[in-house]
Amino acid sequence: MNKTVIRGLGLLLGTGLNAGAAMALEGDVQRGQEASATCVACHTADGSGLNVPGGESWPRLAGLDSGYIVKQLHDFQEGRRENASMKLFANMLDDQQIADVAAYYSQMPVTPAQGGEEAGEALLERGEQLAKRGDWDAYIVSCKSCHGPGSEGVGSDFPGIASQHADYIATQLQAWKNDERSNDPQNLMGAIAKRMSDEDIQAVSAWLARQSVTAE
Amino acid sequence: MKLSKITLAVLGASLAAGLGVTAYAASGENGQGESPYQGLTALGYPAPQEGQLVHVPPTMADLDDADIHPELKKVIRRGYELFTDTQQLRGENVFNDMNCSSCHLGEGRQPFSAPIWPAAVTLPGFRGKNQHVNNLEERIAGCFAYSMNGTPPEYGSDDMVALSAYHQWLATGAPMYPDQPIYGRGFQAPPDPEQEPDYARGEEVYQAQCTICHQDDGAGHYEEGEYVFPALWGDGSNNWGAGIVRTHTAAGFIKNNMPLGQPNSLSDQQAWDVAYYMVSQERPQDPRYTGDLDETLELFGSTFHRHSRYGEVREHDDHRLADHANTGEKDFLKPWNVGVSRFEELSE
Numbered sequence: 001m002n003k004t005v006i007r008g009l010g011l012l013l014g015t016g017l018n019a020g021a022a023m024a025l026e027g028d029v030q031r032g033q034e035a036s037a038t039c040v041a042c043h044t045a046d047g048s049g050l051n052v053p054g055g056e057s058w059p060r061l062a063g064l065d066s067g068y069i070v071k072q073l074h075d076f077q078e079g080r081r082e083n084a085s086m087k088l089f090a091n092m093l094d095d096q097q098i099a100d101v102a103a104y105y106s107q108m109p110v111t112p113a114q115g116g117e118e119a120g121e122a123l124l125e126r127g128e129q130l131a132k133r134g135d136w137d138a139y140i141v142s143c144k145s146c147h148g149p150g151s152e153g154v155g156s157d158f159p160g161i162a163s164q165h166a167d168y169i170a171t172q173l174q175a176w177k178n179d180e181r182s183n184d185p186q187n188l189m190g191a192i193a194k195r196m197s198d199e200d201i202q203a204v205s206a207w208l209a210r211q212s213v214t215a216e
Numbered sequence: 001m002k003l004s005k006i007t008l009a010v011l012g013a014s015l016a017a018g019l020g021v022t023a024y025a026a027s028g029e030n031g032q033g034e035s036p037y038q039g040l041t042a043l044g045y046p047a048p049q050e051g052q053l054v055h056v057p058p059t060m061a062d063l064d065d066a067d068i069h070p071e072l073k074k075v076i077r078r079g080y081e082l083f084t085d086t087q088q089l090r091g092e093n094v095f096n097d098m099n100c101s102s103c104h105l106g107e108g109r110q111p112f113s114a115p116i117w118p119a120a121v122t123l124p125g126f127r128g129k130n131q132h133v134n135n136l137e138e139r140i141a142g143c144f145a146y147s148m149n150g151t152p153p154e155y156g157s158d159d160m161v162a163l164s165a166y167h168q169w170l171a172t173g174a175p176m177y178p179d180q181p182i183y184g185r186g187f188q189a190p191p192d193p194e195q196e197p198d199y200a201r202g203e204e205v206y207q208a209q210c211t212i213c214h215q216d217d218g219a220g221h222y223e224e225g226e227y228v229f230p231a232l233w234g235d236g237s238n239n240w241g242a243g244i245v246r247t248h249t250a251a252g253f254i255k256n257n258m259p260l261g262q263p264n265s266l267s268d269q270q271a272w273d274v275a276y277y278m279v280s281q282e283r284p285q286d287p288r289y290t291g292d293l294d295e296t297l298e299l300f301g302s303t304f305h306r307h308s309r310y311g312e313v314r315e316h317d318d319h320r321l322a323d324h325a326n327t328g329e330k331d332f333l334k335p336w337n338v339g340v341s342r343f344e345e346l347s348e
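In the order they appear, the protein sequences are chains A and B. Sequential numbering from 1 applies to the first sequence in my numbering. Sequential numbering from 1 applies to the second sequence in my numbering.
A few of these clues could be false.
Straight-line alpha carbon distances no greater than 27 Å define the calculated DSS-like cross-link-like pairs of lysine-lysine that follow [claimed, not checked]: (1) Lys73(B) to Lys132(A); (2) Lys132(A) to Lys74(B); (3) Lys177(A) to Lys194(A).
These aren't lab readings, by the way, just hints derived from the structure by calculation. These figures come from a predicted structure and were not determined experimentally.
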């Protein structure tokens, strides 16, 4: 419907304005593919990354919102999001290249995630509950209330988390919980992560990783 | 897992004597019965006071294990689904972008977010808004007429029975017609602000705290045709007759629930200011509109609309609020349940 399209534009425009001029650069998929030579060693050619249990997982970038990728890369550069290796790689890219790789990865189809394969039924049920309905007795709002239907992402501020690697999601939630990540807008994720138990984090990460996101 | 109904049992040593605590409690497992709502005080909510009725409604997981007829479970589940995805009635009963759970957070169970179970134990009861005794179905019908800018499912219809059943299920174990005030009922307004609520200050708060979800134009957000963030004004939102157009109700909702996941994070002044900003925006006409704004104000200006900005002239642009015949997405003004008198034969 028209209304949906207009609202979608409004969201994009709003994000562009908030994010400042550097982020409003238009990305080029072709150039992005060339610039992505820097990224493929870890995030792989199809953008699927790799789940590394107990280590540093490389998140799936394929199908993520371009505005979200742009913001994260700038945040790595400026130290708003801390990661030694990503700071190094992000600093190899200029503003235009950031826009380009973001455009490149955002148009790729979402790939299946890894992790959570050994999760039992009870854990997955808990994960599904947190993702779809939350646990209001612990004031944990559902993932979908911000990350949207199927937790597949809303605009540039709320990334798609369904079909993301379990250990990556778990690591990020733990980072928020332990005040090691704080580049989310208005502490919206941080406030929730701090109320999640380690088991909650494990559960929701496993469940999200096992969701398939179908191409439109 | 064995379930037991605990009625009027004082649970937990931290609770003051005289507190009426009711719960549909699961023994073992989540331990929610031990000290209900203790976690809320850490989030800035007041603790239950002596003499208050504290009720912990059952969850949908409790329903799975409940010892009730499977057919009733199905109907309660249907009610839950309608409550949390009211958009499935779009174009039939709902003519805006809202779900019941847009305002009644936590699936209608959450204290200070107008939990819905009190309706099940306080109705039938007299309602000032329509000046007669309403039962639960008529109360729910009111939400459809105003908050959903629509028209209710018929009394006794499957959808209406399902919604009622969900309300009553949540009230399981709570006493009927309680004589104690209910902990966490409604959207309790924060204390009066030091300064009069102000549009410009409210707009600043809105831009800083709310636009990330609700957008500059208050229209909220749909993603792939599915509702994500509710509309705060405009055609996608509740009409001028909904309770939340009253500044104190809006301030109460916002202070206690917004931004999502960060209750009580705004100052009282910020909550009043941003509520004032929100209720100073346009929305579909009140279904009680007579066709003339001044005439409508004569009828409701000293009662319901005493607390809203209906018919007021906005300071910054001289716009007179609600001076229009826009009914939003619906092609009628008044649904069948509005303006219906009852029990007239009982009047002297």
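For this session: Against the earlier hints, flag every one the structure doesn't satisfy and list their numbers going up.
Result: Going through the list in order, the structure violates no hint and respects every one.
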